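Student: My request is simple: use the sequences and hints to build the entire structure.
Protein chains in written order, with our numbering: chain X, 666 to 923; chain Y, 987 to 1214.
Pulled a few chain Y residues facing chain X out of the computed Cβ check, cut under 8 Å:
{"hint": "1", "residue": "1052"}
{"hint": "2", "residue": "1053"}
{"hint": "3", "residue": "1056"}
{"hint": "4", "residue": "1058"}
{"hint": "5", "residue": "1075"}
{"hint": "6", "residue": "1158"}
{"hint": "7", "residue": "1159"}
{"hint": "8", "residue": "1172"}
{"hint": "9", "residue": "1175"}
{"hint": "10", "residue": "1176"}
Computed Cβ-Cβ distance ranges for the label pairs, DEER-style:
{"hint": "11", "chain 1": "Y", "residue 1": "1195", "chain 2": "X", "residue 2": "720", "range": "36 to 46 Å"}
{"hint": "12", "chain 1": "Y", "residue 1": "1203", "chain 2": "X", "residue 2": "865", "range": "57 to 67 Å"}
{"hint": "13", "chain 1": "Y", "residue 1": "991", "chain 2": "X", "residue 2": "769", "range": "25 to 35 Å"}
{"hint": "14", "chain 1": "X", "residue 1": "705", "chain 2": "Y", "residue 2": "1043", "range": "17 to 27 Å"}
{"hint": "15", "chain 1": "Y", "residue 1": "1205", "chain 2": "X", "residue 2": "755", "range": "50 to 60 Å"}
{"hint": "16", "chain 1": "X", "residue 1": "906", "chain 2": "Y", "residue 2": "1033", "range": "57 to 67 Å"}
Treat the hints as calculated values from the structure; they're not laboratory data. Keep in mind the model is a prediction, meaning the values are calculated, not measured. Note that beta-carbon positions come from the ideal geometry of N, C-alpha and C, so glycine has one too.
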Amino acid sequence: MHRNHFFRTLFIIWLASLAPAAWAESTMVAVASDFTKPMTEIAAEFEKATGHTAKLSFGSSGKAFAQIQSGAPFDVYLSASEKYPLELEKSGFAVAGSHFVFAIGKLVLWSKIENYVDAQGQILAKGGFKHLAIADPSHAPYGVVAVEVLKNLGLLDKLQPLFVQGENISQTFQFVSTGNAELGFIALAQIIDIKTGKIGSGSGWLVPDNLHHPFEQMAVLLKTGDKNPAAHALLDFLKSPPALAIIEKYGFGLPAHK
Amino acid sequence: MLTTADLDTLLLTFQVASIATVLMLLFGTPLAWWLARTHSTWKGIINAVVALPLVLPPTVLGFYLLVLMGPAGVVGQFTQWLGIGTLPFTFAGLVVASVLYSLPFVVQPLQTAFAAIGEQPLEAAATLRASPWDTFFSVVVPLAKPGFMTATILGFAHTVGEFGVVLMVGGNIPDKTRVVSVQIYNHVEALEYSEAHWLAGGLLVFSFSVLLVLYTALKSQPSAHPLK
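Tutor: Next up, the structure:
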């Protein structure tokens, strides 16, 4: 009698744990830091819509790239730059032809101080600040784009000595949000007020797209994820209207329709 | 091979580590002496605070330093009031962060060495009418010499090897705050693996040599094992 009860309970627990596992899978995703907020929301929607789970790992695009090449068990890679996914396809770590642009990054010159950065970004030419925070241009996509903007404005030589470099865009944001750097180039997604669609606090200049090359954020399916239905489902979900709405809400541009 | 940029980071690293080590010995010696001899209820708390960097992730320490030393932080407001501006992204800021981060590596060997001396030599010195200062420099310092050696070498070597804290408060500025560990990280992130190997290998050889010298020199003095 007692024993019967025990096995019945065990059976129920086994059934309960089996049921979702039979059709829901989980997938490991490496995500560039700038896409932290939208991806967290997209992953939640993805779970609701498909029953699959997406486990997210945030960091700099370059670090994820190096980790994937060393055999990190990621299924999907969302990069802030088109360079790394294409390289992974070439070297065989990603499924050939699986890459696609999922969002267009937006660069903002931002300060924590109200009315500090003017709407045309003329403060860059005027100066009067001690530090300009920027993501490390040697590997961080936002840093590369920021340097390109400064070059096009003819201000790179003048402002380079004032650079303080964050390892990735999250750290760069930290430098500016703690007030240690008066201003810095960060991602719009980091400071956008999702209710109004505008910069939420402090002051900022949304850098026009014509000052740099198209800032494409690229996704790719990795070899380890090819056999995982959840990985395929997630990439499909990224192109779906609910995901695109979230991407747009956080200030990213949408990929051009083909 | 090593580029001039690499050599600059090495030079800067040794400057930071040297200055930090001198400061740590200056502050750490009286602190370790007090900790070794006191029966105060504060002893436990101060011991725990000094040892915190051993346990905390460097990013936690770095983040708090960034906030505290920033323009809105307590330390930042104080340094601004003094007229020296804020410390993050400066050489001085790097030294301050290093001192806090490596302090347990200096205080703990000294504390162990001081405690091992015991009361007797001090009492003997007192009966010979030695002043407390005289006792300290003529009796305690020679007896605690292995402790000072361990403290100096570990403090220096640990500062050379620090990464997380300097990454957080340094801002990675060439010639000012870009130390060798950050430079290695940069090389790896930029996929310049062969450049990274040169520096990383050099650091590995350096660290091993330092520890080898330390443990060989201390072999004859079993009372003064580092980090015991």
